[in-house]
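Here the numbering used here is used: the first residue of the sequence shown is 316, the next is one more, and so on.
In short, the hints are calculated from the structure, not lab data. Hints are supplied without guarantee of correctness; some may be wrong.
The calculated label-pair distances, taken between Cβ atoms and stated as ranges, are [what the hints assert, rightly or not]: (1) Pro350 / Ala485: 42 to 48 Å; (2) Leu482 / Arg317: 55 to 61 Å; (3) Arg334 / Trp369: 19 to 25 Å; (4) Glu337 / Glu483: 42 to 48 Å; (5) Ala416 / Asp377: 17 to 23 Å.
Every residue, glycine too, gets a C-beta built ideally from N, C-alpha and C.
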Amino acid sequence: PRNWQARYHLGRALYAGGRAEEAVAHLIAALEQTPEPGRVNSLLAQVWLQLEEWEAAAEALDATELAMPGFPPAAFYRGELCYRLGRLEVARRHVERAAEAAPDWDRPLLSAAVLAEEDEDPEAAVRWLRAAVELQPDDAMLRVRLGSALAAAQQPRESVAAFRRALEIAPDLE
316 PRNWQARYHL GRALYAGGRA EEAVAHLIAA LEQTPEPGRV NSLLAQVWLQ
366 LEEWEAAAEA LDATELAMPG FPPAAFYRGE LCYRLGRLEV ARRHVERAAE
416 AAPDWDRPLL SAAVLAEEDE DPEAAVRWLR AAVELQPDDA MLRVRLGSAL
466 AAAQQPRESV AAFRRALEIA PDLE
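Using the sequences and the accompanying hints, generate a full structural model.
If you want it as structure tokens, here you go:
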């Protein structure tokens, strides 16, 4: 019970296993003992987001950013929180900052594309989806999303090429 790492990893496993409520107690116990509060708070923020505990998620993100300034996942999850609270413009800024800081992490790229689409900015959506396709060139659904964004951005030839590539990758795509 006094080993913060065991508590942290148990909380992480419970969260990954869909048992977020059970993870909270272990993560809080780990937080009380850890020399690395940023890492624990980052996971705790994710758990609070899943449980829709917005204030607790914000507090955990504040603590993460204090302990680990510039940590891309903190910006990403701050963006997620803002999105869920209906603050789309602020969400977009946070998610784009995370995508630029961690270009090899696809989640912020995809979220930035979605937020750009919601903001009726198809050119930005195309830019983010192209970056995601570079990371996952064999993902047919990413190619479909890129094709749709290209169509919205008035780039019909490139749109058709993206859809054709998606069908080459996955001929039975539905």
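Here is what the structure says about each hint:
1. Pro350 / Ala485: 42 to 48 Å: Check passed, 47 Å falls within 42 to 48 Å.
2. Leu482 / Arg317: 55 to 61 Å: holds (56 Å)
3. Arg334 / Trp369: 19 to 25 Å: holds (20 Å)
4. Glu337 / Glu483: 42 to 48 Å: Taking Cβ atoms as reference, Glu337 and Glu483 lie about 44 Å apart, which means the hint holds.
5. Ala416 / Asp377: 17 to 23 Å: holds (18 Å)
Checked against the numbered hints given earlier, this structure breaks none of them.
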